[in-house]
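J.: Each chain, written out:
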Amino acid sequence: MGYSTELKNHQNEQHKFRVRLVFLILMVLSAFSALLGRFYYLQVFRYDYYQTLAENNRISIVPITPNRGLISDRNGIILAHNFFVYTLEITPSKTDDLQDTIAELGKLVEISATDLKRFKKLRAQSHTFESIPIRTHLNEYEAAKFAVNRFRFPGVELKSRLFRHYPYGTLGTHGIGYISRINENDLKQLKESNQLSNYKGTEHIGKAGVEQAYEADLHGITGFQQVEIDADGRAVRVLSSASPTSGNNIVLSMDAKLQEIVEHEFAGRRGALVAIQPKTGEVLAMVSMPSFDANLFVDGIDYDNWNNLNNSPDKPLINRSLKGIYPPGSTFKPFVALAGLESGKRQPPFTISDPGYFMLPNSRHRYRDWKPSGHGAVDMRRAITVSCDTFFYGLAVELGIERLTDFVRHFGFGEKTNIDIQGELSGLLPTPAWKQKRYKQPWYMGETVIVGIGQGYTLVTPMQLAYATATLANSGKAIRPHLVNAIVDAKTNQVKMLPHTVADQLPLNTQNLDIVKLGMMDVTRPGGTAAAVGANAGYDIAAKTGTAQVVGIKQNEKYNEKLIAERHRDHAWFIAYAPAEDPKIAIAVIVENGSHGGSTAGPIARKAMDYYLLGKVPVDPNAAPVPETTVTNAPEVEEEPHD
Amino acid sequence: MIRQWIGHFIRHIDSILLATVLMVLVVALMVLYSASGQSMLKVNAQLVNIVVMMGVMLLVANTQPQHIERIALPAYLLGLSLLIAVALVGDISHGARRWLNLGVTKIQPSELMKLAVPIMLSWYFSKRESMLRTADYVVAGVILLVPVLLIAKQPDLGTATLVFAAGFYVIFLAGLSWKFIFGSAIAFGAALPILWSMLHDYQRRRVEILIDPSQDPLGAGYHIIQATIAIGSGGSTGKGWLNGTQSQLDFVPERTTDFVFAVFAEEFGLVGCSLLLLLFTIIIGRAFIIASQAKSTFSRLLAGSIAATFFTYCFVNMGMVSGILPVVGIPLPLVSYGGTSLLTLGLSLGLLMSVQSHKRLVATD
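As they're listed, the protein sequences go chains A and B. For the first sequence, the tail end lands on 1348 under our numbering, and the numbers increase by one without skipping. For the second sequence, the tail end lands on 646 under our numbering, and the numbers increase by one without skipping.
Please keep in mind that the hints were generated in silico from the structure rather than gathered at the bench. None of these values were measured; they are calculated from a predicted model. Mixed in with the good hints there might be a few duds.
[Stated by the list, open to error] Away from chain B, derived, C-beta distances all over 10 Å, residues of chain A:
hint: 1; residue: Arg723
hint: 2; residue: Leu747
hint: 3; residue: Ala1208
[Said to hold, decoys possible] Derived lysine-lysine pairs resembling BS3-like cross-links, with alpha carbons at most 27 Å apart:
hint: 4; chain 1: A; residue 1: Lys822; chain 2: A; residue 2: Lys896
hint: 5; chain 1: B; residue 1: Lys434; chain 2: A; residue 2: Lys896
hint: 6; chain 1: A; residue 1: Lys799; chain 2: A; residue 2: Lys822
hint: 7; chain 1: A; residue 1: Lys1121; chain 2: A; residue 2: Lys1201
hint: 8; chain 1: B; residue 1: Lys460; chain 2: A; residue 2: Lys721
hint: 9; chain 1: B; residue 1: Lys640; chain 2: A; residue 2: Lys721
hint: 10; chain 1: A; residue 1: Lys1312; chain 2: A; residue 2: Lys1020
hint: 11; chain 1: A; residue 1: Lys721; chain 2: A; residue 2: Lys799
hint: 12; chain 1: A; residue 1: Lys1121; chain 2: A; residue 2: Lys1145
hint: 13; chain 1: A; residue 1: Lys812; chain 2: A; residue 2: Lys799
hint: 14; chain 1: A; residue 1: Lys893; chain 2: B; residue 2: Lys640
hint: 15; chain 1: A; residue 1: Lys1321; chain 2: A; residue 2: Lys1289
hint: 16; chain 1: A; residue 1: Lys1121; chain 2: A; residue 2: Lys905
hint: 17; chain 1: B; residue 1: Lys576; chain 2: A; residue 2: Lys721
hint: 18; chain 1: A; residue 1: Lys825; chain 2: A; residue 2: Lys912
hint: 19; chain 1: A; residue 1: Lys893; chain 2: A; residue 2: Lys822
hint: 20; chain 1: A; residue 1: Lys721; chain 2: A; residue 2: Lys1028
hint: 21; chain 1: B; residue 1: Lys434; chain 2: A; residue 2: Lys721
Every residue gets a Cβ at the ideal spot worked out from N, C-alpha and C, and that includes glycine.
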């Protein structure tokens, strides 16, 4: 019986299997019929159409580059736009003798060795049916000359292409960035991100600043035309097309007028300034001096200009606000002060009597105050106001290096601020563990002493210091700094405001905060280290001066500014926020080799605040090119040029 | 004596299968010669590949299905561990992690799984024969999905789809309930709009381009547009061997590998296409007959799955080249240039012949 059930089962199973097979066979037959139908459609029904396409050779697919998005400042002043330029382009597959054609063209318009080099490079990267520029930036005369002779040059066309232009040249270049020709590296990255086909026809790509960081938004979507072309390579008719989608416009948080005023106030000195709106993280100005003209890069910078920029001892190409790392000097003190108060190591009544130096127990080494005679009786508030080194030497030792760095790290020191453009450095907050790893040496107490006044290994970028100042002004609420406020959709004109990201929320005691803030307000009042900066301001400024040593001074030597070479002078720091009661702007300025924060860096910050808070424009004999008027609406889309 | 030995060796060959395959291979070599700009270089290399394929086919045809059953689990586990190794330490090329560098040579374990998975599943169902329960389908699903997901993560969606198809055919033939099949099809259909709404704009755009390449005529669409012109301009009788303008003038991309069918269609026209489809149908039909006559569950499931997988390759490739299916990198069986694909085919054909001849031997011996 068992056997027969098994057999039955077996037969039953085979039957079921065959039913399934029949299903699969039906699937195969219907799928193959569909294929046959498709072949019939293509090869019989639409034969004439495809035959013509193949015969006429052939269709050519022409990319239509989208207009790159515009960049404007917070008030709508255009900082980067596009304009049309005549280019002469060759489609190699439609030219009988390429060498000959180029030689003949050279008699008509000037073609330089650089042009030829570029042409060769581009040709190696393109299909033979793509048109490649041999000359760019033809003037009207040259364009007309070619137009008359056009019949002699099959496969050569005069086209007008969009070029990027930065109307204010050197203004804010480090933040705005620039675009430049796409190179091998860019191509590789585009390929990896599956963007290569969207960049057909595009020659430039953002290389720095906002142009780089917001490339995806600015570029847009490439359109195309499927055209039928005749034997001479001229388009006969358009078979199908899709128009390109322009890149989105970008509205910066930067105030171009503020940026311009600051750059002007630097008056040829090297340095950097970052101004941030404390409550929003909006970067109002990001200055790095000297700057350079971004327009030089757009069509490939030439050798001489590049050498000048790259080899200049002033290092104009480096964005000092993100990449310049300096010891914070005394601007570090407000943060050390907060560490002392918050940890309970210092209570408000605590006062020292400053003899003008500090000594560690069991040591005879004198850590000198900047004021040799000392400041007398100093409490926390006054220690900030007069920038008393002795007070902070002792505080740093009592806190210990680890507790100190752990606390100030919350203000963003030693870490990137994560601003929305690339390339920033993270500075350095030294710890014993770091020193062991870096130098294979133990940490010395003396090193803690000088960290208390922002010297030693400690390094910050101007962006970090502005960010820390903004966080302090915002009572411990740290907002990630950003240069872009909004993205305006090119199609719908919809304005997408970028959100403000709270990076950290420090639970600070209000009373402690008030002590530090009051100390900083006294800095710009009579008796403070920057009293002149606050004079007749009409609003309260909380500030702190600082000096970053460039060259170490020996124990018994005196720092004599006049005897030291200009490049070896100390860097001058100044941090500030105002109005002190309701901060709207927080600033960090460094003037390289500027010696005193109060006298060189402070006035720049004051001019910036005067403009931003009161709308005061410094009297300047050179008429300022950036318009003062505040435009509130979004930037308009560029007009198409007339032929 | 030698003659006897050879006779013993070749009696496992299925003459219908072999004859049809040889006809397709002849066509394939002709097209390859035309597509490679009338150079013998690739043709010679492909001839070597064919010899290797035939050798493998003969060898496997001489192996009893029971022996193959025995290697099912080890082969599967080996493939699975190689896939995990790839995920951990594989080489990256073209943005995907597919290759395992053994120092001497590089291997692509996902290729092994194209056969290891159906063999494993056929073995599993033959073990559970006559006591099949729902739980067994769940186990089978796991056996199938683990390697498929590993391959999909590399990412190699094309191969993942094929491995999934090969395994799914086994489960389907083993009697997966219709309710479940329709149920999941409906569930998947219903989930699509939700999945779609979860995608980012740029992801949607990628999917759109995958489905309709003509939206990206500068990238993926370029291939399809040119291939479609090649096929269409072939007309009913074709432009003649070596006379395809699209193909000869460099307009058809990858014209010896994935897009070789476009060259064939341009030069041989609708007549050629129909004949090629007929040859493929004969191969598939023969394989289905072998499956339906097979005596053991293992042989039957494996043969059925091989037949259906072969069909899937043909359909997806020709559908892609003629523009009705998304562009996924799948070669046309027997016709596309390349050794790996032929090797897998040699194994598959050998398995079919083994199933067929050993059934016969058992019956007559």
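J.: For every hint, state whether the structure bears it out.
T.: How the hints compare with the structure:
1. Arg723: At about 6 Å from chain B, Arg723 of chain A fails to clear the 10 Å cut-off, so the statement is violated.
2. Leu747: violated, 4 Å
3. Ala1208: holds, 25 Å
4. A:Lys822 to A:Lys896: holds, 24 Å
5. B:Lys434 to A:Lys896: holds, 20 Å
6. A:Lys799 to A:Lys822: holds, 21 Å
7. A:Lys1121 to A:Lys1201: It holds: about 26 Å lies between the C-alpha atoms, which stays within 27 Å.
8. B:Lys460 to A:Lys721: Holds, at roughly 15 Å.
9. B:Lys640 to A:Lys721: holds, 20 Å
10. A:Lys1312 to A:Lys1020: holds, 25 Å
11. A:Lys721 to A:Lys799: Violated: Lys721 of chain A and Lys799 of chain A sit about 64 Å apart, past 27 Å.
12. A:Lys1121 to A:Lys1145: Roughly 25 Å separates the two Cα atoms, so the pair holds.
13. A:Lys812 to A:Lys799: holds, 20 Å
14. A:Lys893 to B:Lys640: violated, 56 Å
15. A:Lys1321 to A:Lys1289: Holds, at about 16 Å.
16. A:Lys1121 to A:Lys905: Answer violated: Lys1121 of chain A to Lys905 of chain A is near 35 Å, above 27 Å.
17. B:Lys576 to A:Lys721: With a Cα-Cα distance of about 14 Å, the restraint between Lys576 of chain B and Lys721 of chain A holds, given a limit of 27 Å.
18. A:Lys825 to A:Lys912: holds, 23 Å
19. A:Lys893 to A:Lys822: holds, 21 Å
20. A:Lys721 to A:Lys1028: Roughly 74 Å separates the two Cα atoms, so the pair is violated.
21. B:Lys434 to A:Lys721: Roughly 36 Å between the alpha carbons, so the hint for Lys434 of chain B and Lys721 of chain A is violated.
When held up to the earlier numbered hints, the structure conflicts with 1, 2, 11, 14, 16, 20 and 21 and fits the remainder.
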